[in-house]
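> Protein chains in written order, with the working numbering: chain A, 1 to 248; chain B, 1 to 330; chain C, 1 to 298.
Check before you lean on any hint, since a few could be wrong.
[Claimed, not checked] Computed Cβ-Cβ distance ranges for the label pairs, DEER-style: (1) Thr-130/B / Phe-4/C: 23 to 29 Å; (2) Glu-128/A / Pro-7/B: 27 to 33 Å; (3) Gly-122/C / Leu-113/A: 49 to 55 Å; (4) Gln-230/B / Met-283/C: 29 to 35 Å; (5) Pro-7/B / Met-283/C: 38 to 44 Å; (6) Leu-298/B / Phe-4/C: 51 to 57 Å; (7) Leu-277/B / Met-189/C: 55 to 61 Å; (8) Arg-9/A / Leu-298/B: 53 to 59 Å; (9) Phe-138/B / Asp-67/A: 57 to 63 Å; (10) Leu-113/A / Met-283/C: 26 to 32 Å; (11) Lys-33/C / Arg-206/B: 25 to 31 Å.
If you are wondering where the hints come from, they were derived from the structure by calculation, not from laboratory data. All residues carry an ideal CB built from backbone N, CA and C; glycine is no exception.
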Amino acid sequence: MNPVLSVSRLEKRFGAVVAADALTLDIPAGQKISLIGANGAGKTTFVNMVTGYLKPDSGTILLDGMDIGRRSPRSVARLGISRSFQIPQLFVELTAAENLTVAISGIGTRMSLRAPAEAQGRRDKAVELLQRFGLADLADRPISELAGGVRKLIDIAMALVRRPKLLLLDEPTSGVSAEEKFTTMDRVIHAVAPDAATIVFVEHDMEIVSRYADRVVAFYQGRILADGLPADVLNNLEVRRYVTGGVR
Amino acid sequence: MKKGLHPLVMIALVAMVTLAGRALPTWTLSLATIAASNALIALGIVVLARTGNVSFGQGLFFAAGGYGVALIANTWGLTDAVAQVIVGAACGGLLGLVIGPLIARYSGIFFGMLTLALSMVFYGALVKSTALGGSDGFNVGRPSLFGMSFTDPREADFMLYAVSVIVTGFAGIAATILFRSEFGLASLAVRENNLRVEYLGLSANRIISINFLIAAIFAGASGAFALMAQRHIDPQFAYWTTSGEFVFVAVLAGNQSVAAVFVASMALELVRSFSNLYLPNTWQLVLGVFLLGVILFLPRGIGSLWIRDRHRRRHISATPPLTAERGAAP
Amino acid sequence: MNFFLTIILDGLIQASWLFIVALGLTLVFGVLKILNIAHGSFYALGAYIAATVVTMVAARSLPPSVGFVAMLISVALIASAVGLLLERGLLKMFYGRDEVVLLLVTYAVFLILEDVTKLIWGVNPIYATQPYELFGNLEFAGLYYVGYDLVLIPISAVIGFAIWFGLNRTVIGKIVLAVIHNEEMSVSMGVRVNRVYAVAFAFGVLLAALAGALTAPKISMQPGLSSDVIILSFAIVVIGGLGSVEGAAVGAILVGLARAASVHLMPQAELFMIYLIMAAVLMFRPEGLFKRETARRI
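Chain A extracted, bound-state conformation (with noise of 0.2 Å):
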């Protein structure tokens, strides 16, 4: 079966900074694949190439067999790649549910100047969305009120609306704490499966990623590591001095 994202050969550099060094990378229907990788390792730069807000230097990104490498965010996003971000980008001053309704409307061609935002139908949808999440009660509350974890669910909400082909996650449960973080990415898991088979989700807590990912791909100075199975990945070694920091 083609991979739904094939990338390969992927370079770029910001002056010295080698952020993406030959990344080649194919990723299958159905996946949970996580990327590890310290701080500049080059994850969310390979995050926001896909996803059309950097132009990689070189090398293609192939979406369903389409090349999307120079395309915009907006023209990948109708494309069928979403993505969260590690800092909600969310609209504070409107409420949960006025969010996903703006990610609604984005769904047409054309977005209507009479109809009321609220329509009954774009409003039920919001709200189904934030059910998902256990957010429902808070569908009226504008995000300005809500609190850091929440903004984070809704964030992914968002990236939900256009049942995307493949999302990504950059680390969804970043400010959650540590009592708190299977819970959410349990809920995240759930709550995505209805819309989104194929994640990538960025992450730094080694124990989510041995818990919720089916691959791993380890990130150092803009290149692939290591690219496997979880534990495979975890226990190698140059992972383990680089990455994850287990041998000194």
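Starting from the known structure of chain A, arrange chains B and C on it as the hints suggest.
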């Protein structure tokens, strides 16, 4: 959730205000005409401001509408008031259609500066063009309505009042519907985080351009009214201080209530005529102090006095904004 | 040949006072990130004060040179005081708000000062021509010029150099530059940003008012002066790049030449030309001709 007047109620209100003009004394009538016409262009600025962009150059479309109507009136003898408003709106709109997409990618003061620059280019061209009367401008005749011409000045004033109140009223109703719409919500989203809007598959530039077009149409129609009221046009229509006054009305009104725009515009005209009457050379001073007061004490405009704002009341202090725990990139 | 020389000289004369005004505007933007619409009003304020002082001195039949010096000193004193007062008393309240809000605040100040000048000096044109004869007439390459006009060129060059030197070669200048480039960092290094703000704003006002004083003998002071000047200096700083001293110089020369050229070639087309240049620069190089950083928006 959000409550508001039903459009039919609003139409009834417009009708009432129009008829009330019959009872108004002459001086109030022309004052209200100007207030309505200024409210129309300020409403456009508010529409655009909801995307986070403040135009300091609406005088461009104001003048385009005014000059377009004046030229057509003098060349082809088109004197019908309604037709003139349509021509003005079309002139403003056409220009807005061209300019909007070009400048939609700018934001903040760059957007303001660019709109200001474009209006000043037009101003410069108008001053230079002797065919259009240069800096003196030129005169046009009295407007008519549906084939009736008005020789009694009182009747002429009322006609103009009625047309401007009705047109501005309907523009207000349209804006209310727009603000509540899906598109209106997306416009607010652009103001807050245009990058996220793009990531959701929406085009921030398109949203800004459409709002810009609406603002330009309103400004063009407003230019037509100003022309009909003064029966004279000159490059001052495009000068930056003219645009500044409209921004003033928009800021005073805030962007939450359409009614606030009318109130603000009427307040401005009242202040202007009173200070002209009793305290010559102080009305800009009053205006400036007023503006400072509004920015300081009513940052969301006078509209926030009666619109119980969606959520702003309770403070943002509930959760401090998230800051990056780690550097965002790469 | 002479024709072009005339344009160039006229252009430089224009550029010299425009440069001083624009320098103030660009400095205030660089440090406080405020695009000051009221900047033209400070120019007008300087011009009006200068006129009053010159007239007072002439009434006591003192020589025009005394008037010239007296007007510069009094304008400098009053402008610095007004600048400090405005920054500490008013602008301070709005720091941290959106840049467009600050733009509106300065617009309010513009409106207020517009009427304050009318209330003090009336609406009829006033003049202060006495110092204009101070340097006689000079001949330059077969062209006759009023000496005062030509003297403006070296004066503004000296002011420009002094500011460049002050910013780049003195400790205070380095602190100001640090605030311009990275405010957070300079705060953490112990710079008292509040003071830098106050001084920079007052200095910006001072420059505008000095330019007003220097041009006062050449022009007639009347309402509308400030809005014309701000519109020119906006164009200059946008063309050169907001916050850039070199940019202000290049922008001033471009605008000065464009004005002079249109006066001689296409009368009345000057604003059109200048704003066409400004719009073109904004379209193709929105950061101005002299800015390198491009980090903005998507």
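> Would you mind marking each hint as holding or not holding in the structure?
Going down the list of hints, with the structure as the test:
For the pair Thr-130/B and Phe-4/C, the beta carbons lie near 27 Å from each other, so the given range of 23 to 29 Å is met. The beta-carbon spacing between Glu-128/A and Pro-7/B, approximately 30 Å, falls within the hinted interval of 27 to 33 Å. The supplied range of 49 to 55 Å is met by Gly-122/C and Leu-113/A, whose beta-carbon atoms lie about 51 Å from each other. Judged by the Cβ atoms, the range 29 to 35 Å given for Gln-230/B and Met-283/C holds: they are separated by roughly 33 Å.
For Pro-7/B paired with Met-283/C, a C-beta distance near 40 Å keeps the hint of 38 to 44 Å intact. For Leu-298/B paired with Phe-4/C, a C-beta distance near 56 Å keeps the hint of 51 to 57 Å intact. For Leu-277/B and Met-189/C, the hinted distance range of 55 to 61 Å is satisfied, since their beta carbons lie about 57 Å from each other. As the Cβ distance of Arg-9/A to Leu-298/B is approximately 57 Å, the hint placing it in 53 to 59 Å holds.
The beta-carbon spacing between Phe-138/B and Asp-67/A, approximately 58 Å, falls within the hinted interval of 57 to 63 Å. One distance hint, 26 to 32 Å for the beta-carbon pair Leu-113/A and Met-283/C, holds here, with the actual separation near 28 Å. Take Lys-33/C and Arg-206/B: their Cβ atoms lie about 29 Å apart, and the range 25 to 31 Å holds.
When held up to the earlier numbered hints, the structure conflicts with none and fits them all.
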